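K.L.:
All chains, full assembly: derive it from the sequences and hints.
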Amino acid sequence: MSVWEYAPAPESRDLANLQPKYRPFVDGEFVDGGGEPLTSINPATEEPLAEVGTASESDVDTAVRAARRAFEQVWGPMPGAERAKYLFRIARLLQERARELAVLETLDNGKPIKESRDSDVPTAAAHFFYHAGWADKLDYAGYGPDPQPLGVAGQIIPWNFPLLMLAWKIAPALATGNTVVLKPAETTPLSALVFAEICQQAGLPAGVVNIVPGAGDVGSLLVRHPGIDKIAFTGSTAVGKEIQYAVAGTPKRLTLELGGKAANVVFDDAPLDQAVEGIVNGIFFNQGHVCCAGSRLLVQESVAEELLGKLRARVSTLRLGDPLDKNTDIGAINSAEQLAKIRELTAAGEDEGAERWTSPCALPERGFFFAPTVLSGVEQSMRVAREEIFGPVLSVLTFRTPEEAVAKANNTPYGLSAGLWTEKGSRILWLADRMRAGVVWANTFNRFDPAAPFGGYQESGFGREGGRTGLEAYLHV
Amino acid sequence: MSDRLSVAKTYKLYIDGKFPRSESGRTYPVTDAEGEFLANASHASRKDVRDAVSAARKAFGGWSGATAYNRGQVLYRVAEMLEGRREQFAAEVAACEGVPTAEAMSTVDAAVDRWVWYAGWTDKIASVLGAANPVAGPYFSFTVPEPTGVVGVLAPQSSSLLGLVSVLAPVVATGCTAVVVSSADRPLPAITLSEVLATSDVPGGVVNVLTGRADELGPWLASHADVNAVDPTGASAESRVDIAQQASGTVKRVLTVPGDDPDWTRRPDISRLRRYLEAKTVWHPKGT
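Order-wise, the sequence lines are chains A and B. Numbered according to our numbering, the first sequence spans residues 1 to 477. Numbered according to our numbering, the second sequence spans residues 1 to 288.
If you are wondering where the hints come from, they were derived from the structure by calculation, not from laboratory data. Mixed in with the good hints there might be a few duds.
What the hints assert, rightly or not - DSSO-like mimics (lysine-lysine), calculated; alpha carbons at most 27 Å apart, straight line:
id, chain 1, residue 1, chain 2, residue 2
1, B, K58, A, K408
2, A, K408, A, K310
3, B, K9, B, K47
4, B, K286, A, K114
5, A, K241, B, K47
6, B, K47, B, K18
7, A, K241, A, K408
8, A, K424, B, K286
9, A, K137, B, K124
10, A, K310, A, K326
These numbers were taken from a predicted model, which means no experiment stands behind them.
P.N.:
Printed below as a string of structure tokens:
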């Protein structure tokens, strides 16, 4: 297959309007955090981007008190129609500053600009726009008349979709009348602090949104703070379990959106070229840093060879490199730590007998990169079939019958998502019924929308984000 | 006046549609509110919990996969059987709870009516809680509520029948299967309810009833990897913390329940149904 050569088409990093220093946002003001400052780096170049102030215990306490005051005096009593208008303003401001945010997100996270530009930022704006409309219509959400907010929400988000996860957390919390203290991930705090500026531009009352950067210790302070009514966490299952343990026996409410090991099931009647596109999207979107990534490919034995051939050919054409280049398909792994984890697990797969194929693409000399990799001949017992790799590594298993596909797909403690590829409508619905997963994509993958609830079964967490169902996470119901 | 000696009943556990004794061989005496001996109840153990969970898991596929209409009819049949045993339940409730027979009878009536209320929900849950999602793209996206799996239920300690029905009926109405630990000191109505379930059309294993101590068995249920959700209502305040901590090991859903025993005669809402449901969102492209 011939490969088109592309001239470089980099987006300008100046558009990010990068500042030398970013600071925590508490009670409507940017403050010098009392914690040890951290340096956020560009994972594609390993160069420092900016210094970021972090929150100390007293900063977290001040933020929680500010959020409480704002909840009791301003945001809670405010009519829903007024809250709605603030959220609409935020949605518009995100759209207005979309290009700046996209470049900033790509610099800080390492994801390709085409993804931050076409997916992360517009979907974040859409979440605010969608939830804005709910703020004065909660009586119709199905939870009885006048459902009440919980109070102050402590929210902890991951580094894989920094701004989008912020939107998933803050938009429903604010729409339902809660105030928030949010901790962005240690390696990707920048877009959250620009969001804080957007809150100022929107005239959002002080204390309604507080952003406290820092590492896991700041998250732990939030989880244990007695002034918080609700914890919402997106991240690893291991940390989710620690949080659930920590809030056990307290009045705090909890929702968790944790890891996954999704099966992407391809039947012999599937349109294979279309399925290949879906498989590639499922595991290589955002370098595989996606909790719902289709990381276990289950392919029907009769088409396995053919599909693997097509898949390798297609993956060979993926362009890995400068995330700011508009042609780039695969950007940088978010951190050295994550890169080490991906290498370790992939090596474990080889050691356990999986056959490794890696795209022959060249890797940049600097930065954290991992070439797209397909492990075939994977068995259920292997670590690469059971553990979340959270990187561009696909494990391939085979099956013979639909029953076997269901059994293998569900053979995991997780239950976040599943993919199905078949032309037969009745089989799609039969399988969709049997997948123990919160999201099922049939003949597509990785679709997200604020109107569509998202969340997991089993150890992928509990609670939903998006849709009418998602409002429940922030209401006394 | 007859001199006939009555035939006393041996009260046993209800696991997988059968009535075994506790594998531990343990029993404990049950008395009425005045302290008079009523019966020996089986004192369920950790092994009984494991047997019951395994039965509940085995029954889950069939029960959750049955049509909602079928589940509704089966549960309505349970109400019919309950109605037929009103006198027996009233006598047991009166003895266990120490209330006058007339009051016990009205409690039994409320329990039957509560069961009927939940039986009617099976085929309405998806309409009320599901959705067609208006997504911004050429996709058909819908969300359906599905049962979360096996639920460990620690039934209320005081309200031996109405409380029990109020916490159990929503579990099975959603399509989940249950392992119930009855009130420890007032277990007789729970055992009689299992006889009702056994003679209705509820498949074996859908409901398993253990008599024993909620504080002893609750943590085992909460740490069991094949249990998906726990209702800690019948546990003490200290034990509830332990249960919630144990539950975190496998990310179980733990019901938020009030500290004090609620007034079970109050009309319920659907919040207990919602707690045992998972929203599943399905997407498919539209195209020619």
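K.L.:
Would you mind marking each hint as holding or not holding in the structure?
P.N.:
Hint check:
| no. | hint | result |
| --- | --- | --- |
| 1 | B/K58 x A/K408 | holds, 18 Å |
| 2 | A/K408 x A/K310 | holds, 23 Å |
| 3 | B/K9 x B/K47 | holds, 24 Å |
| 4 | B/K286 x A/K114 | holds, 24 Å |
| 5 | A/K241 x B/K47 | holds, 26 Å |
| 6 | B/K47 x B/K18 | holds, 16 Å |
| 7 | A/K241 x A/K408 | holds, 25 Å |
| 8 | A/K424 x B/K286 | holds, 14 Å |
| 9 | A/K137 x B/K124 | holds, 23 Å |
| 10 | A/K310 x A/K326 | holds, 25 Å |
Figure legend: structure checked against the earlier numbered hints; every hint is met.
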